[in-house]
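Visitor: Sequence:
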Amino acid sequence: MKPLFLLLSRGVEVVLDLLFPKRCVGCGQIGSFICSNCWRTLPRLVPPVCPKCGKPQPSGLLCASCWRKPGKIDGIRSISPFEGIMQEAIHGLKYNNLKAISVPLAQLLAIYLETTLLLVDVVVPVPLHPKRVWERGYNQSGLLARELCRLTGLPLIGDCLYRFKYSLPQTKTMTAEERWRNVTGAFSCCNSKLKGKRVLLIDDVCTSGATLEACAAALKDGGAAMVWGLTLAREI
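If you read the sequence shown in this note's numbering, its first letter stands for residue 462, the second for the next number, and so on.
Just so you know, the hints here were simulated from the structure itself, not pulled from any lab data. Model, not experiment: these values are computed from the prediction. Where a beta carbon is used, it is the ideal one built from N, C-alpha and C, also for glycine. Treat the hints loosely; a few may be bogus.
Taking lysine to aspartate or glutamate pairs in the EDC-like style, the calculated list, with each CA pair at most 16 Å apart, reads [as the list claims (entries may be wrong)]:
id, residue 1, residue 2
1, Lys654, Asp682
2, Lys516, Glu696
3, Lys681, Asp535
4, Lys656, Asp582
5, Lys530, Glu638
6, Lys533, Asp682
7, Lys555, Glu596
8, Lys516, Glu544
Pair by pair, the computed Cβ-Cβ distance ranges are [what the hints assert, rightly or not]:
id, residue 1, residue 2, range
9, Cys651, Trp595, 15 to 25 Å
10, Pro482, Gly684, 42 to 52 Å
11, Glu575, Gly646, 30 to 40 Å
12, Leu579, Arg611, 15 to 25 Å
13, Cys651, Pro565, 24 to 34 Å
14, Trp595, Glu638, 23 to 33 Å
15, Gly489, Gly657, 43 to 53 Å
16, Ser520, Gly684, 30 to 40 Å
17, Lys656, Pro482, 40 to 50 Å
18, Thr502, Ser526, 28 to 38 Å
19, Tyr556, Asn498, 21 to 31 Å
20, Gln490, Lys560, 14 to 24 Å
21, Thr636, Ser520, 24 to 34 Å
Given the sequences, and given the hints that come with them, work out the whole structure.
Guide: Put into structure tokens, the structure is as follows:
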């Protein structure tokens, strides 16, 4: 017999679905946040890509930017271009309080891990500054990471990487150079939980890779053996 709180939780969910039915962010169809048709047609970023930053690269070799600035992160991978249905879904998650969409979005991340040879030990969400968490009410990357760990069984470490520098959102910077300056030195690894671990960093969007690189630098300063970034989308 199910515990009472689970029955009550399910009852609340049913009522909310009746009052506020889920609509597909792509086509508006009632039933789910991403309908089966939009799920099938969601564009994917597939090889060949730059092995470092994950941007499409016909040669499959390092792109010019990664040759010039190799950085600390071992690699970045993304599921989809930041456009269309994926852009609408992420916008809803970040700005419209559509926290429940983190569940199907995390499924995309889990499928990626299951179908690649990306070996990691722990999952770490890219943190927001406490002021930004207070303004938004939650960290969207934290929601994605938590659901991903539920699906994969990987441990979630959310109390190690900390953002102590409050700065402009990356979307409000004009150039790649500004984005790198905006997050340089913004993060710190505050304990040794990740020492020797292969870390999977989770974020919603990769724009220039600057945020993931700054996180990776802090994690490796804290003893992480390897750091990979995985995002739902990237600007290309």
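Visitor: Evaluate each hint against the coordinates.
Guide: Hint-by-hint comparison with the structure:
| no. | hint | result |
| --- | --- | --- |
| 1 | Lys654 to Asp682 | 12 Å, holds |
| 2 | Lys516 to Glu696 | 9 Å, holds |
| 3 | Lys681 to Asp535 | 11 Å, holds |
| 4 | Lys656 to Asp582 | 11 Å, holds |
| 5 | Lys530 to Glu638 | 12 Å, holds |
| 6 | Lys533 to Asp682 | 10 Å, holds |
| 7 | Lys555 to Glu596 | 11 Å, holds |
| 8 | Lys516 to Glu544 | 15 Å, holds |
| 9 | Cys651 to Trp595: 15 to 25 Å | 19 Å, holds |
| 10 | Pro482 to Gly684: 42 to 52 Å | 48 Å, holds |
| 11 | Glu575 to Gly646: 30 to 40 Å | 35 Å, holds |
| 12 | Leu579 to Arg611: 15 to 25 Å | 18 Å, holds |
| 13 | Cys651 to Pro565: 24 to 34 Å | 32 Å, holds |
| 14 | Trp595 to Glu638: 23 to 33 Å | 29 Å, holds |
| 15 | Gly489 to Gly657: 43 to 53 Å | 48 Å, holds |
| 16 | Ser520 to Gly684: 30 to 40 Å | 34 Å, holds |
| 17 | Lys656 to Pro482: 40 to 50 Å | 47 Å, holds |
| 18 | Thr502 to Ser526: 28 to 38 Å | 30 Å, holds |
| 19 | Tyr556 to Asn498: 21 to 31 Å | 25 Å, holds |
| 20 | Gln490 to Lys560: 14 to 24 Å | 21 Å, holds |
| 21 | Thr636 to Ser520: 24 to 34 Å | 26 Å, holds |
Hint check: no violations occur; every hint is consistent with the structure.
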